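Chemist: Line by line, the protein sequences are chains V and D.
Take the first sequence: its letter number 200 is residue 200 in this note's numbering, and every next letter is one higher.
Take the second sequence: its letter number 237 is residue 237 in this note's numbering, and every next letter is one higher.
Keep in mind the hints are simulated off the structure, nothing from the lab.
Take these hints with a grain of salt, some might be off.
Simulated pairs of lysine to any residue, SDA-like, Cα-Cα distance not exceeding 20 Å [claimed, not checked]:
| no. | chain 1 | residue 1 | chain 2 | residue 2 |
| --- | --- | --- | --- | --- |
| 1 | V | K260 | D | G19 |
| 2 | D | K23 | V | V203 |
| 3 | V | K204 | D | A143 |
| 4 | V | K102 | D | P187 |
| 5 | V | K102 | D | F244 |
| 6 | V | K243 | D | F244 |
| 7 | V | K45 | V | L59 |
| 8 | D | K268 | V | F111 |
| 9 | V | K102 | D | P20 |
| 10 | D | K23 | V | E104 |
| 11 | V | K260 | V | H105 |
| 12 | D | K268 | V | E104 |
| 13 | V | K8 | D | P187 |
| 14 | D | K23 | V | H105 |
| 15 | D | K23 | V | K243 |
| 16 | V | K102 | D | A143 |
From the derived model, a few chain V residues whose C-beta atoms are all more than 12 Å from chain D [unchecked claim]:
| no. | residue |
| --- | --- |
| 17 | E5 |
| 18 | K6 |
| 19 | F87 |
| 20 | T89 |
| 21 | E152 |
| 22 | K153 |
| 23 | L162 |
| 24 | S231 |
This one's a predicted model, so the numbers in the text were calculated from it and none came from an experiment.
Even glycine gets a Cβ: it sits at the ideal position worked out from N, Cα and C.
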Amino acid sequence: MEFSEKLKRIYIYYRPIFLVLPAFIIFLIFFVIPVIGLFVLAFDKPVAGVIDIQGQWTLKSFIRIYSRSLYFDAAVMSVSLAAIVSFITLIIGYPLAYLIAKTEHVGRNTFLMILVLSAMQLDMVIRLFGLMVLFGDNGVINGALLYYNIIEKPIGLMYNKLGVVVGLVQFSLPFMILSLVGIIRGIPPAVVEASRSLGATPVKAFWNIILPLSMPGILAGTLLVFALSISSYIVPALMGGWKVMMMPLHIYQQIAEMGKWQFGSAIAVVLFCTSMITVLVYQRIAIRFAGGRA
Amino acid sequence: MFQKIIKKRPKLREVNDVGPLIKFGAVIALCVLLIPVFIVVLTGLNAGDHLTFPPEGLSTRWIIAFFKSEVFLSAFLFSFGLALITMVISTILGTMAAIFITRFSFPGMNFLRALFLSPLILPGIVLGLALYVFYITSGSGLARTFPGMVIGHVLVTLPYVIGTVSAALFNFDVNLEQAARSLGASPLQAFRKVTLPNISNGVMAGSIFAFIVSFGQFDVSLFMATPGNTPLPIALYWSLRYTFEPTAAAAGIFAILLVVTSMLITAKLVNLKKFSGVKFS
Numbered sequence: 001m002e003f004s005e006k007l008k009r010i011y012i013y014y015r016p017i018f019l020v021l022p023a024f025i026i027f028l029i030f031f032v033i034p035v036i037g038l039f040v041l042a043f044d045k046p047v048a049g050v051i052d053i054q055g056q057w058t059l060k061s062f063i064r065i066y067s068r069s070l071y072f073d074a075a076v077m078s079v080s081l082a083a084i085v086s087f088i089t090l091i092i093g094y095p096l097a098y099l100i101a102k103t104e105h106v107g108r109n110t111f112l113m114i115l116v117l118s119a120m121q122l123d124m125v126i127r128l129f130g131l132m133v134l135f136g137d138n139g140v141i142n143g144a145l146l147y148y149n150i151i152e153k154p155i156g157l158m159y160n161k162l163g164v165v166v167g168l169v170q171f172s173l174p175f176m177i178l179s180l181v182g183i184i185r186g187i188p189p190a191v192v193e194a195s196r197s198l199g200a201t202p203v204k205a206f207w208n209i210i211l212p213l214s215m216p217g218i219l220a221g222t223l224l225v226f227a228l229s230i231s232s233y234i235v236p237a238l239m240g241g242w243k244v245m246m247m248p249l250h251i252y253q254q255i256a257e258m259g260k261w262q263f264g265s266a267i268a269v270v271l272f273c274t275s276m277i278t279v280l281v282y283q284r285i286a287i288r289f290a291g292g293r294a
Numbered sequence: 001m002f003q004k005i006i007k008k009r010p011k012l013r014e015v016n017d018v019g020p021l022i023k024f025g026a027v028i029a030l031c032v033l034l035i036p037v038f039i040v041v042l043t044g045l046n047a048g049d050h051l052t053f054p055p056e057g058l059s060t061r062w063i064i065a066f067f068k069s070e071v072f073l074s075a076f077l078f079s080f081g082l083a084l085i086t087m088v089i090s091t092i093l094g095t096m097a098a099i100f101i102t103r104f105s106f107p108g109m110n111f112l113r114a115l116f117l118s119p120l121i122l123p124g125i126v127l128g129l130a131l132y133v134f135y136i137t138s139g140s141g142l143a144r145t146f147p148g149m150v151i152g153h154v155l156v157t158l159p160y161v162i163g164t165v166s167a168a169l170f171n172f173d174v175n176l177e178q179a180a181r182s183l184g185a186s187p188l189q190a191f192r193k194v195t196l197p198n199i200s201n202g203v204m205a206g207s208i209f210a211f212i213v214s215f216g217q218f219d220v221s222l223f224m225a226t227p228g229n230t231p232l233p234i235a236l237y238w239s240l241r242y243t244f245e246p247t248a249a250a251a252g253i254f255a256i257l258l259v260v261t262s263m264l265i266t267a268k269l270v271n272l273k274k275f276s277g278v279k280f281s
């Protein structure tokens, strides 16, 4: 009697766990285990065409990434292109984020947010279609320049690094804007008002007050954009035309075209770690600034 | 003299006013965001074989071609079905998990929250590859199947549902539910009759996000797509590698309509002012 009573109490206490159990089990089986499996595969002996775990642990794949300039350069280029994209996205995104943050009118604010969110949620391949029609050799921009005799033959705007950067900026701009809006809105107007009443010009107030106070959003946004850019497959594949080999392209090529499962997994692990480190730094910054404010 | 200083002091409104430079910059950002979308619409409604400068005029021939197209129409419908199934599963699982996360305190809650959000930060292609390798090596027979793809899509959409529903639950006064309980309602009754109607907007917004994210998902589908199971983004990608088919742009127009409608509904359901996109912490 007493025992069953005790069991019942334990059951009632732990009953809520059933709410989270289905999602947790799916995550455990189809997320945690596969990601661990990918790490395991990356440290296995690389044999083309073999996907099963052989249990012969080695660092060969990672040494290959480091020693072959093809892959090492891809890693360096991915990082540098992502850094450039972060910077450009910040410059382009800040004014719109500022405008959204300062728009008090509910309808106008919602309208701008819908524009940004729609652009963000729209399938990237469709947005790239638009960009490719614009930037291609027979595209709208080259067509217009030729039509007005500004150039004599099409200039290469796509299938090079320029194209990839343009594509990545278009891809990541909404994320930058959303990271900035909340922070800029949080800047108390009184601080700005105080600086202005003490004689600061609008430009000075912006430079000395608003910009430093938006720093958390700027850091968070650039890190987020960096992590997104470095792991994009579709943008370098289409805008770079497989000529700008960023890391995700190498992963696909090794796996789908060459059957080098271990080596492809090793590149995926390097990509995973790079973007994880970025995001951890991002979280640290976000938490520190949120904590400092509270 | 005091008069002069007071006159020079800008009013709060002025401080909040944005200058012409900011407005100019904002217009540029909007152009970067929207011109590619606009071009897709223009290409899909274009009369010529491809979009040229200057355009040749408007027609519905590519829209009609889209409805007759084996490749794009079936891919569109496939994506639609996939997104619907993903949405249903994600909404149910995500809402349950969000209730657990916001209402109860068990050890390891922070870990759980981080786990459920982690598909957002994991590069999509890494997740897709990890799943694909797992499907093959585990001998589960899920590789290149529809259920296998649904699982991948559920993983990437759950964070959005959990995020929006948790936000709705935070704003909901728990006392209301407790009042219902003290008046004799069972936990399930209290949830269904009191809590659910109050958080339904958040749940709906979350499910819309799940639908749209699944509909536009590329990375996770990349390794799993087969000729029979081709979502729209993958079909568009394969065609874009070789040509610019205006039929693809026509398919894009319908995808654009779907996304814009979804966002309009979301704006009615939840306050977009409080929405800050992808939340990492």
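Chemist: Of the hints given before, which are not true for this structure?
Modeler: 1, 3, 4, 5, 11, 15, 16, 20 and 24
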